[in-house]
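*Asks:* Counting from 1 along the sequence shown, just add 7 to a position and that's the residue number in the numbering used here.
Careful: at least some of the hints might be erroneous.
As the list claims (entries may be wrong) - Distance windows between CB atoms, simulated:
#: 1; residue 1: T67; residue 2: D259; range: 31 to 39 angstroms
#: 2; residue 1: D65; residue 2: V128; range: 27 to 35 angstroms
#: 3; residue 1: G211; residue 2: P77; range: 34 to 42 angstroms
#: 4; residue 1: D212; residue 2: G84; range: 17 to 25 angstroms
Keep in mind the hints are simulated off the structure, nothing from the lab.
All C-beta atoms, glycine included, are put in the ideal place defined by N, C-alpha and C.
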Amino acid sequence: MTGQLDLMSISRIHRSRLSALIVVAIAACGPGAPNGAGTGAAEPAASGDWRPLFNGRDLTGWTPKIRGHPLGEDPYGTFRVADGSIQVRYDAYERFDERFGHLFFETPFSDYDLRVEYRFVGEQVPDGPGWAVRNSGVMFHAQDPATMGVDQDFPISLEAQFLGGDGTEDRPTANLCTPGTHVDIAGVRSEAHCHTAAAPTIHGDEWVTVELSVRADSVIAHRVDGDTVLVYGRPVVGGGVVAGFLPEAKVDGAPLREGWIALQSESHPVDFRGVWIRPRMR
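Using the sequences and the accompanying hints, generate a full structural model.
*Replies:* Here's what the structure looks like:
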């Protein structure tokens, strides 16, 4: 999302910090998803307290917000359901024209585990940004979509950024991007927009499972096929890389304790096979 990662930032220092933080994350975040959470795993709703946010049939409970259009209008049929997946498609677009889109679930969440299965397919729509090739993600702790400006590009939120490999370069997935937000990395406030995960590069059209352990405005962890790849905390509103927002919707310094979940459309076709959540009791 929202810009290109500096992939050279995956350093030994980053990895050593991550290893040290994983112990803290496990204690703070509790257990992860059920065993067998890799590609093609059984629905987690069948075990434990997971429940699906996507019913596999239609977009009940989900609302699109396409840049340049009011909430609820998707004149291009960008978000659709076929073959049991939410599909993001651009066959009705002659050009992308920065019409970034987000598909919001109907209710906010605060303290939970989230699991998303995705894959990239096909080719990017003409004139899509170079950084958006095989690039999508899930926004969380996002602002209420009803408070977004008509021409706003991205919701104020945190994003678990999904990247697909290009066949040659390292493009780790499950990174963090921060449109209109900041987080602490290793206990230090960071104003960088994107943070690279210690995750693999996934080439081709393979299904990938990403899990998030979200503890309100405390500790947040990203996992890929069960392995912890990024840990951070103390998210707050602040910074840029978001345009067209209503001023009253962006109160810099406000803690991000809860928010909406949204799937992205950024110009490259992507499928979301499942979206599950496990709310946690305080």
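*Asks:* Does each hint fit the structure? Answer for all of them.
*Replies:* To see whether the hints hold, each was checked on the structure:
1. T67 x D259: 31 to 39 angstroms: Once the Cβ atoms are compared, 35 angstroms apart, the range 31 to 39 angstroms for D259 and T67 holds.
2. D65 x V128: 27 to 35 angstroms: 20 angstroms, violated
3. G211 x P77: 34 to 42 angstroms: 37 angstroms, holds
4. D212 x G84: 17 to 25 angstroms: For G84 against D212, whose Cβ atoms are near 21 angstroms apart, the range 17 to 25 angstroms holds.
The earlier numbered hint that this structure contradicts is number 2, and it is the only one.
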